[in-house]
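Chemist: Protein chains in written order, with this note's numbering: chain R, 5 to 83; chain P, 54 to 453.
Derived by calculation from the structure, the hints in this document are not laboratory data.
Treat each hint with caution, since some may be false.
The following label-pair restraints were derived from C-beta to C-beta distances [what the hints assert, rightly or not]:
no.: 1; chain 1: P; residue 1: Glu293; chain 2: R; residue 2: Ala40; range: 52 to 62 Å
no.: 2; chain 1: R; residue 1: Pro33; chain 2: P; residue 2: Arg436; range: 40 to 50 Å
no.: 3; chain 1: R; residue 1: Pro33; chain 2: P; residue 2: Ser383; range: 51 to 61 Å
no.: 4; chain 1: R; residue 1: Asn26; chain 2: P; residue 2: Glu284; range: 57 to 67 Å
no.: 5; chain 1: P; residue 1: Ile296; chain 2: R; residue 2: Pro33; range: 41 to 51 Å
no.: 6; chain 1: P; residue 1: Leu137; chain 2: R; residue 2: Ala38; range: 19 to 29 Å
no.: 7; chain 1: R; residue 1: Val31; chain 2: P; residue 2: Ala299; range: 26 to 36 Å
no.: 8; chain 1: P; residue 1: Ala299; chain 2: R; residue 2: Arg22; range: 50 to 60 Å
no.: 9; chain 1: P; residue 1: Glu284; chain 2: R; residue 2: Glu49; range: 38 to 48 Å
no.: 10; chain 1: R; residue 1: Val31; chain 2: P; residue 2: Gly371; range: 51 to 61 Å
no.: 11; chain 1: P; residue 1: Glu442; chain 2: R; residue 2: Glu82; range: 38 to 48 Å
Output of the computed footprint for chain R on chain P, the stretches with three or more beta carbons under 8 Å from beta carbons of chain R [said to hold, decoys possible]:
no.: 12; segment: 202 to 213
no.: 13; segment: 314 to 324
no.: 14; segment: 388 to 398
Below, in silico cross-link-like pairs of lysine-lysine (DSS-like), each with a Cα-Cα straight-line distance of 27 Å or less [what the hints assert, rightly or not]:
no.: 15; chain 1: R; residue 1: Lys74; chain 2: P; residue 2: Lys165
no.: 16; chain 1: R; residue 1: Lys74; chain 2: P; residue 2: Lys228
no.: 17; chain 1: P; residue 1: Lys165; chain 2: P; residue 2: Lys113
Even for Gly, the Cβ is constructed at its ideal location relative to N, Cα and C.
Listed below, chain by chain, are the residues.
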Amino acid sequence: MPAMFIRVDMTREVAGDRELANKLAEVCPVNIFAQAPDGSATIVEENLDECVLCELCVQAAPPGGVRVVKLYDGTVLER
Amino acid sequence: MRFYEFECKLLLAKQGVPLPHGGTANNPEQARQLAAELRGPVVLKSQVLSGGRMKAGGVKFADTPEEAANAAAEILELPIRDQLPVCVSVEAKAAVAKEYYLGVTYDALAKKPVMIFSDMGGIDIEQVAEEHPGHVAKQHFSTLIPYTDFRAKELLASLGITGGELTALTGVATKLVRLFQQYDMTLAEINPLGKLEDGSFVVLDCHLDMEDEARERHQAVLDELGIKPDETRQGRPPTEFEIRGAQVDAVDHRGVAGRVVEFDGNLGLVIGAGGGSLTIFDAVQKYGGKPANYCEIGGNPSVNKAMELTKLILSKPGVDKIAVIMNVVSNTRADIVARGVIKGVVESGHDPAQKISIFRIPGSWEADAFKILGKYGVEYCDRSVSMSEAARRAVEKTGT
Ligand code: SF4
């Protein structure tokens with residue numbers, strides 16, 4: 005089932021940056037980011053609704069690199 | 054967790070509490086041998102975790118080894134509340150002159166352990182307290198200050214116990230308190246405690262309940278008794294629904310959401326927060342509602358856990374609606390539970406607005422929870438609506 009409450013967007017630049025991908029996988033407390041075998045960052049769809057809205061991913065990425073969207077009211081967490 | 058009577062007696066024996074001579078038998082032949090060794094009349098008791106053994110025919114007397122073997126054969130085949138005995142105890146029949154009651158438990162209101170003594174043993178202490186209050190004495194004590202002989206004597210003497218009887222009972226009372234504290238018991242009860250014709254005392258029956266959460270602390274003694282970690286040790290075996298609930302809870306380490314007890318009503322309960330579950334359950338019944346289950350959620354369970362619990366409850370035949378009610382939460386996020394419950398309802402193929410009779414989880418992240426619930430048309434309320442009122446509204450919507 006697709007996520008009902010949370011969407012996470014990241015730019016191509018963020019996704020392709022191995023170091024950043026590693027950092028995102030490390031900071032997210034509920035494993036929404038994972039590192040693909042080629043080192044790029046991927047979103048783990050089935051974990052999206054577990055997002056605790058801590059913004060650690062938003063802070064770990066450069067401004068505009070990661071956005072967390074609350075689908076239930078449209079609020080966007082970004083920097 | 055409960056202990057079989059023979060295990061209780063082993064634990065009491067470790068404290069030096071006097072017990073009748075005897076042992077346990079797994080078959081009639083062993084019962085015959087034990088009775089022969091005891092050289093006299095014996096009492097045989099079914100070793101099951103539930104009460105009501107006497108009424109169900111699980112306690113028998115025998116005058117000869119042959120009678121003991123026959124009685125054991127009958128008892129071992131007799132289920133009591135759907136449980137077959139694990140063995141049968143065979144003990145020397147004591148010549149009892151008088152029966153007493155001694156028990157230790159926690160008084161939730163006083164927030165202290167309480168020692169209870171009665172000179173009318175052999176019947177339910179609640180019944181004695183109601184019908185003969187003058188024959189029951191209670192005494193709270195501290196878990197920090199050692200329980201002394203003096204305190205025990207104060208209690209016993211309040212019912213007129215004196216002399217050698219006072220000395221003997223004091224020893225049993227202090228040992229029972231020691232056992233209660235040493236093994237994190239929630240109940241340690243000797244009923245009846247028999248005074249024999251020669252003036253000595255002996256434990257005729259007893260009941261011990263250990264705090265579930267303390268099991269790991271007492272692994273050594275549980276190993277000694279042969280109790281395996283997967284033995285739930287409740288008064289009855291868990292139902293399929295309850296087993297699946299435990300599996301939901303074991304899915305991940307976050308929070309608690311899956312400790313369920315099955316009932317056969319139409320209102321599924323997703324409830325919790327300290328004693329909140331009990332309060333809410335009672336309130337549902339007070340307003341004529343029929344709970345489909347009891348449950349405890351708390352400690353910030355994951356969305357997945359809350360979802361699986363909801364799906365489990367909705368999968369139960371006869372469940373019309375669910376009520377999601379907790380006390381004011383600080384360590385559980387209302388929005389996370391809201392997400393889980395709504396996901397569970399949707400994944401079960403239902404409309405949250407129809408299936409969730411009420412959502413009342415005020416506290417941490419309630420603003421986000423209310424937005425989620427509002428989006429799905431679910432009735433919700435904040436702390437200005439009491440848990441009892443929320444239960445009433447749930448019952449009204451679900452029907453009795
Ligand atoms: S906000 Fe927190 S929980 Fe959500 S995706 Fe970012 S790091 Fe993970």
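Chemist: Among all the numbered hints in the text so far, which are the ones the structure does not match?
Modeler: 1, 2, 3, 4, 5, 6, 8, 10, 12, 13, 15, 16 and 17
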